[in-house]
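There are 2 protein chains.
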Amino acid sequence: MNFLEERILKDGQVRPGNVVKVDSFLNHQLDVGLLDEVGKAFYEKFKDAGITKIVTVEASGIAIAVPTARYFGVPVLFAKKAKSKNLDGDLYTAKVMSFTYGQEYTVTLSKKYLNSSDTVLLVDDFLAVGKALQGLISICDQAGAKVGGIGIAIEKSFQEGGKLLREAGYPLYSLARIASIDDGKISFVQE
Amino acid sequence: MNFLEERILKDGQVRPGNVVKVDSFLNHQLDVGLLDEVGKAFYEKFKDAGITKIVTVEASGIAIAVPTARYFGVPVLFAKKAKSKNLDGDLYTAKVMSFTYGQEYTVTLSKKYLNSSDTVLLVDDFLAVGKALQGLISICDQAGAKVGGIGIAIEKSFQEGGKLLREAGYPLYSLARIASIDDGKISFVQE
Numbered sequence: 090m091n092f093l094e095e096r097i098l099k100d101g102q103v104r105p106g107n108v109v110k111v112d113s114f115l116n117h118q119l120d121v122g123l124l125d126e127v128g129k130a131f132y133e134k135f136k137d138a139g140i141t142k143i144v145t146v147e148a149s150g151i152a153i154a155v156p157t158a159r160y161f162g163v164p165v166l167f168a169k170k171a172k173s174k175n176l177d178g179d180l181y182t183a184k185v186m187s188f189t190y191g192q193e194y195t196v197t198l199s200k201k202y203l204n205s206s207d208t209v210l211l212v213d214d215f216l217a218v219g220k221a222l223q224g225l226i227s228i229c230d231q232a233g234a235k236v237g238g239i240g241i242a243i244e245k246s247f248q249e250g251g252k253l254l255r256e257a258g259y260p261l262y263s264l265a266r267i268a269s270i271d272d273g274k275i276s277f278v279q280e
Numbered sequence: 090m091n092f093l094e095e096r097i098l099k100d101g102q103v104r105p106g107n108v109v110k111v112d113s114f115l116n117h118q119l120d121v122g123l124l125d126e127v128g129k130a131f132y133e134k135f136k137d138a139g140i141t142k143i144v145t146v147e148a149s150g151i152a153i154a155v156p157t158a159r160y161f162g163v164p165v166l167f168a169k170k171a172k173s174k175n176l177d178g179d180l181y182t183a184k185v186m187s188f189t190y191g192q193e194y195t196v197t198l199s200k201k202y203l204n205s206s207d208t209v210l211l212v213d214d215f216l217a218v219g220k221a222l223q224g225l226i227s228i229c230d231q232a233g234a235k236v237g238g239i240g241i242a243i244e245k246s247f248q249e250g251g252k253l254l255r256e257a258g259y260p261l262y263s264l265a266r267i268a269s270i271d272d273g274k275i276s277f278v279q280e
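Chains as they are written, first to last, in the working numbering: chain A, 90 to 280; chain L, 90 to 280.
Among the clues, some could well be false.
One copy or two, either will do: identical chains are not told apart, so a pair holds if it fits within one copy or between any two.
Stated by the list, open to error - Subject to a maximum C-alpha distance of 25 Å in a straight line, what follows is the list of computed DSS-like cross-link-like pairs (lysine-lysine):
1. K252 - K110
2. K200 - K110
3. K110 - K201
4. K201 - K99
5. K220 - K200
Note that these hints are calculated values from the structure, not bench results.
Please construct the entire structure, taking both the sequences and the accompanying hints into account.
In structure tokens, the structure reads:
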């Protein structure tokens, strides 16, 4: 078991509907030492992939993207979920159906900062059905940027997102892969 | 002029309505080396304030809070702007009128993670009229937590937020204080 799996068993909580709450260290309160370890693990995995940008979507993805980008020595680029006065000019957009919030939203990213010379590492805290990631992949496709890797903290492997991405050939690395949640007990995929 | 003021003059762009766009390094694309310097500056300023938590609001505040928290060796806690399945139980809430988005929203923070034993450093990327910060201060008041400091990257000193907070006695430290924007030219407060 790695450091993140151990932490999930120690501090994660299971809620009805296979919800795993990790808000004490990953997506509300943040353990920045743990986030640093996550970033380091992504770097070890993808350091030879020629990554030029770390791309994520607001909000909790930013907490993982920032320490990851420190290891790679490249910028973060985070897609926004709402129309903002802070973004103008030409935008890449993709529609995303949210599992957490139960509604559709649009992610946007400024065309200025991503183009066909980029090789991107996509990172996020959770992967379940994978809709948010598919939105980011669509944006990379629009930009002509290469997806050099996908780094996920927690994958719910009993949902289809990870399977679909692996079948499509994306280099997906999930630190903690939850195989099942039975009676409140979390089991991980044994690799 | 400090490193952030220099960077604003170099890469910031002025838009109609006194909007300063810093999306190439601070709130869309992120220069993580610069963010690290911001965190270090906040640490130098408030290292003796007994800080136990770095508190911000999603999304771009997270990018500043994470490197700041590394220097202090304490957790980040970020308030959420929407109702999420990821938060349950008792919540502190505060209503905030957004300058950027032109609408009211509610910020929420779980009661589990903030209480009267905490001394908080509030951080954010921008301070203009100060509504987001007042929401975070209200949440600290509800928790009985002490506001030990406020660290801001860019303050628009020609708007009232900073003045009101200083008059109310809060220890506010803004790295770049914009005094005026005339004809697209940015001038900083001389300290």
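Okay, the hints, checked on the actual structure:
1. Within a single copy, K252 and K110 get their C-alpha atoms as close as 22 Å, which meets the 25 Å cut-off; across copies the closest is 40 Å, which misses it.
2. Taking the shortest Cα distances, K200 and K110 sit within 25 Å of each other only across copies (15 Å), while inside one copy they are farther apart (35 Å).
3. For a Cα distance limit of 25 Å, the shortest separation of K110 from K201 across copies, 13 Å, qualifies, whereas the shortest one inside one copy, 36 Å, does not.
4. In the homo-oligomer, the alpha carbons of K201 and K99 lie at most 25 Å apart only across protomers (17 Å), although the nearest pairing inside one protomer, at 43 Å, exceeds that limit.
5. In this homomeric assembly, K220 and K200 come within 25 Å of each other (Cα to Cα) only inside a single copy, at 21 Å, whereas the closest approach across copies is 30 Å.
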